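2 protein chains.
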Amino acid sequence: MTFSEDQVRARLSELDGWSYDGKDLVRLCVFPSFMDAIRFVGRVAEAAESANHHPNIDIRYDSVRLAVHTHSENGVTERDFALAKEIDRAINIA
Amino acid sequence: MTFSEDQVRARLSELDGWSYDGKDLVRLCVFPSFMDAIRFVGRVAEAAESANHHPNIDIRYDSVRLAVHTHSENGVTERDFALAKEIDRAINIA
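As given, the protein sequences belong to chains E and D, one line each in that order. Per this note's numbering, numbering of the first sequence is gapless, rising by one per residue and ending at 301. Per this note's numbering, numbering of the second sequence is gapless, rising by one per residue and ending at 301.
None of these hints come from the bench; they were simulated from the model. Being a predicted model, the structure only gives us computed values, none of them experimental. Check each hint, because a few of them may be wrong.
As the list claims (entries may be wrong) - Computed cross-link-like contacts, DMTMM-like style, restricted to lysine to aspartate or glutamate with a CA-CA straight-line distance of at most 20 angstroms:
| hint | chain 1 | residue 1 | chain 2 | residue 2 |
| --- | --- | --- | --- | --- |
| 1 | E | Lys-230 | D | Asp-265 |
| 2 | D | Lys-230 | D | Asp-213 |
| 3 | D | Lys-292 | D | Glu-256 |
| 4 | E | Lys-230 | E | Asp-265 |
| 5 | E | Lys-292 | E | Glu-253 |
| 6 | D | Lys-230 | E | Asp-265 |
Only chain E is shown next, with the shape it has when bound in the complex (with noise of 0.2 angstroms):
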């Protein structure tokens, strides 16, 4: 089941220093160097994988754009705040 972006919007407050575009959770990593970065992506990857939901990730030098939603039902889900979850966990641990 989607939410709505009211719905959206209202949950955001759980999650640490995501937005919503309108299409997917958004959140923007800046790191003190590319291989942070690509390290970071790395156990972005290993949360991902366990969960079986796969951000698109896109890798600017010391930066890394995350976004997720859910392709099979066209908008966020459970299953999006859900990996934003793991993410931020990954993001902590670093």
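Given chain E, put chain D in place with the hints provided.
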């Protein structure tokens, strides 16, 4: 020194599967799985860090889009072709 569009297009034959979108040298690589794509990004990152030249990297599940240009010269230079060749080598080792 940046290459003209004609020069870039003439030199694409030196590379394997790259195109030119008017700004960047671009290669799209598709892998059997998300984790294969992530491991490829790790190899590209090592090549990029060694060259001190970093492509834009967009991961879409099993697909990785690489785009290289030289920011400081606002165009495609010898460094971009050198990095593209290193990336081709990383793919072929895989």
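Numbers of unmet hints, in rising order
none
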